[in-house]
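2 protein chains.
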Amino acid sequence: MRVLVLGADGYLGWPTCMYFSRMGHEVIGADNYFRRNAALALDCEALIPTPNLLQRAKIWQQVIEKKIAIHIGDVTNHEFLLSLFRAYHPDVVIHYAEQPSAPYSMLDRDKAAFTIQNNLLSTLNIVYAVKEVSPDCHIIKLGTMGEYGTPNIDIEEGWIQIQHKGKKDTFLFPRQASSLYHTTKIQDTDLLWFYVRTWGLRVTDLMQGPVYGISTDDADMDERLIPNFHYDEIFGTVLNRFIVQAIIGYPLTVYGKGGQTRGYLNIKDTLQCVYLAATQPAKPGELRIFNQISESFSVNELAEKVKIVGKKLGYDVKITHLENPRNEKEEHYYNPKYTGLLKLGLQPQYLTDGVLEGMFGIVEKYKNNINRDAIFRGVKW
Amino acid sequence: MRVLVLGADGYLGWPTCMYFSRMGHEVIGADNYFRRNAALALDCEALIPTPNLLQRAKIWQQVIEKKIAIHIGDVTNHEFLLSLFRAYHPDVVIHYAEQPSAPYSMLDRDKAAFTIQNNLLSTLNIVYAVKEVSPDCHIIKLGTMGEYGTPNIDIEEGWIQIQHKGKKDTFLFPRQASSLYHTTKIQDTDLLWFYVRTWGLRVTDLMQGPVYGISTDDADMDERLIPNFHYDEIFGTVLNRFIVQAIIGYPLTVYGKGGQTRGYLNIKDTLQCVYLAATQPAKPGELRIFNQISESFSVNELAEKVKIVGKKLGYDVKITHLENPRNEKEEHYYNPKYTGLLKLGLQPQYLTDGVLEGMFGIVEKYKNNINRDAIFRGVKW
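Taken in order, these protein sequences are the chains called A and B. So for the first sequence, the working numbering puts the first residue at 2; every next one is plus one. So for the second sequence, the working numbering puts the first residue at 2; every next one is plus one.
This is chain A alone, in the form it adopts within the complex (with noise of 0.2 Å):
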């Protein structure tokens, strides 16, 4: 397969590059470095510095002897995009280039506006791409479990079926973010599905949980090849800041009452669902859904297993219940069905002591770099 990752310069897209092309794929990676210079006008870089893409794919093929090609250029261009389909004609495009922060979203007006434009017309600009020059491209784009919010009903994966008034239609489950980052990924399963509505295009959805993790097979086979890691309040996900904080003994920062209860999942299995949903690819005119999430948690419960880990290993680990600066339910229902990805041969990496360790290891090798300040600035909204 010929592979078109956008956000290869991402905690998830380089990662997805390696792993690609160690299957043996033609992976080409494109990014822009939105989140580099975001991280460095916020001062909240991530914690282990990482070679640019360029020098990434170079080292990579110097471990792996694969190669990578790698084009900087922004996805909101269409011109950039149409110049990369048309010199590859990708089978699949794997779309991560979107701006991926809620709070960031929140910060301000410009901010926000960011959001919408580059989440939108990256979106837009990938539909029109494959209808004029591959339009048998599968399209995988990673959504959020947060597009559906805390329904006060089980959530299915993507569509629910209504009875009403003695007639019946099916739907995508309601969807009802709690940050504007999370409502453009609403916007875009509304755009991409009125385009495979209308043009027959193939797309998966993937609704992603916070993911965590540090560790994957191929960034474990040189370190200049890990993952860009972030413990920040901006960029990096909880339980990735949970271990920093647990190293440093900064309190665990749990918002308000912690009962926030959230579908969360390894990197290494974001790699296996990708990786699945590309070799078994939607069909032309399917938005296809998936939950993608391997066990939930509420905050409080990462926390105390942080906790306990951390104690463990010698940290004197402490939990502090902050005023939620963030507009969300402290305790609700929270019944996500996840399924679909295990069908199609998911075998999750479960959250274990194990797990844990292992990024306390890799964390406390690189703890000089934290800087305390990124972990907390309270975003308010």
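Bear in mind the hints are in silico, worked out from the structure with no lab data behind them. Don't take every hint at face value.
Each pair may be met inside one copy or between any two copies, as identical chains are not told apart.
In the SDA-like style, the derived pairs of lysine to any residue whose C-alpha atoms are separated by at most 20 Å in a straight line are [unchecked claim]:
| hint | residue 1 | residue 2 |
| --- | --- | --- |
| 1 | LYS169 | GLU157 |
| 2 | LYS306 | PHE361 |
| 3 | LYS169 | GLU158 |
| 4 | LYS366 | PHE35 |
| 5 | LYS366 | ILE49 |
| 6 | LYS306 | THR51 |
| 7 | LYS169 | ASP155 |
Given the structure of chain A, go ahead and fit chain B onto it with the hints provided.
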């Protein structure tokens, strides 16, 4: 009340300015002339040349001795919009400043991108201007019945309670539109609903059907005050187009089987509805949704009505069924609820033969302006 009308030069914008002004309110109108410029570029200008907005405001002042303040600028420019809010602190903002054409949004990638950016950034800017300058300002946004599409269940007014596996919750009514333009209106709703929940804004979303008509009490006072009237495929609505076609002997262009059923309303009803919504505003933290239609017709029924009245007036009216250039259901269930605005006091103006005769009368006067080539271009999707 101090009323800010965005998109004040439009088919609905200008009559809205006059209506609120005559009723004794202070009106501020803003427009960037997008529609005039696009219609010029696409050779589909309005039937009746209308003076520019500043000129129309001058004429209005001569006719009725009331002042409407006009500002020419772009609502997607946040500084421009903020300057209006800071200068006037409106009690209500009426948001018509969107790219309103489905065929326009489907012409090519650049027009799709423009539609997304214009419609979502204008809405975002209004949200931020209200939050930053006038938190109590009531936002009235024009949505469209097209957001709902043609589901196989009854269409409620914006919301639906879903029972699922023994639990229940209330959600936005499922939305699934049939053009990119209509999809941006869904995205608009998602955007506003997020910020209503998060910041307690007060919003009324008017899910309007296609509007017809050219006569309003104010426009009838001086023909230079007439709304801009489009009969072309890009900016014209179906009934307005059919009247023009009937007058020049151009067979009425029914797409496909013609069973496509929609809710319609007279432009006079739009004015009533917006006024009723403004004078009985939504509460803080409320997204109030009304289905803004007066009655439903299939395209075949509209064509038959125009044919009958046209014949009575001496026109030789033919109906033709074209291969449908659009991807839409030509026969479907359609049962929308629309009682909310009636409860607020709407007195609907139904589509009588007399109303149609009035439209024939006005268009007849301007028939030498009709550009046959603008009527059908077959924008396909």
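Cα distance capped at 20 Å. Does LYS169 pair with ASP155 within a copy, between copies, both, or neither? Classified as both: same-chain Cα gap 18 Å, cross-chain 9 Å, threshold 20 Å.
As a check of your reading, is LYS306 near PHE361 (CA-CA no more than 20 Å) within one copy, between copies, both or neither? within (12 Å within a copy, 75 Å between copies)
Checking LYS306 and THR51: alpha-carbon separation at most 20 Å within a copy, between copies, both or neither? For LYS306 and THR51, neither the intra-copy (29 Å) nor the inter-copy (69 Å) Cα distance is at most 20 Å.
Homomeric proximity label, LYS366 with PHE35: Cα distance no greater than 20 Å: neither (27 Å within a copy, 57 Å between copies)
Identical-chain pair category, LYS366 with ILE49, by Cα at 20 Å: This pair counts as within: shortest intra-copy Cα distance 10 Å, inter-copy 74 Å.
Intra- versus inter-subunit Cα pairing at 20 Å for LYS169 with GLU157: Classified as both; 17 Å inside a copy, 14 Å across copies.
For LYS169 vs GLU158, is the C-alpha pair at or below 20 Å within one copy, between two copies, both, or neither? both (18 Å within a copy, 17 Å between copies)
Checked against the numbered hints above, the structure violates hints 4, 6; every other hint is satisfied.
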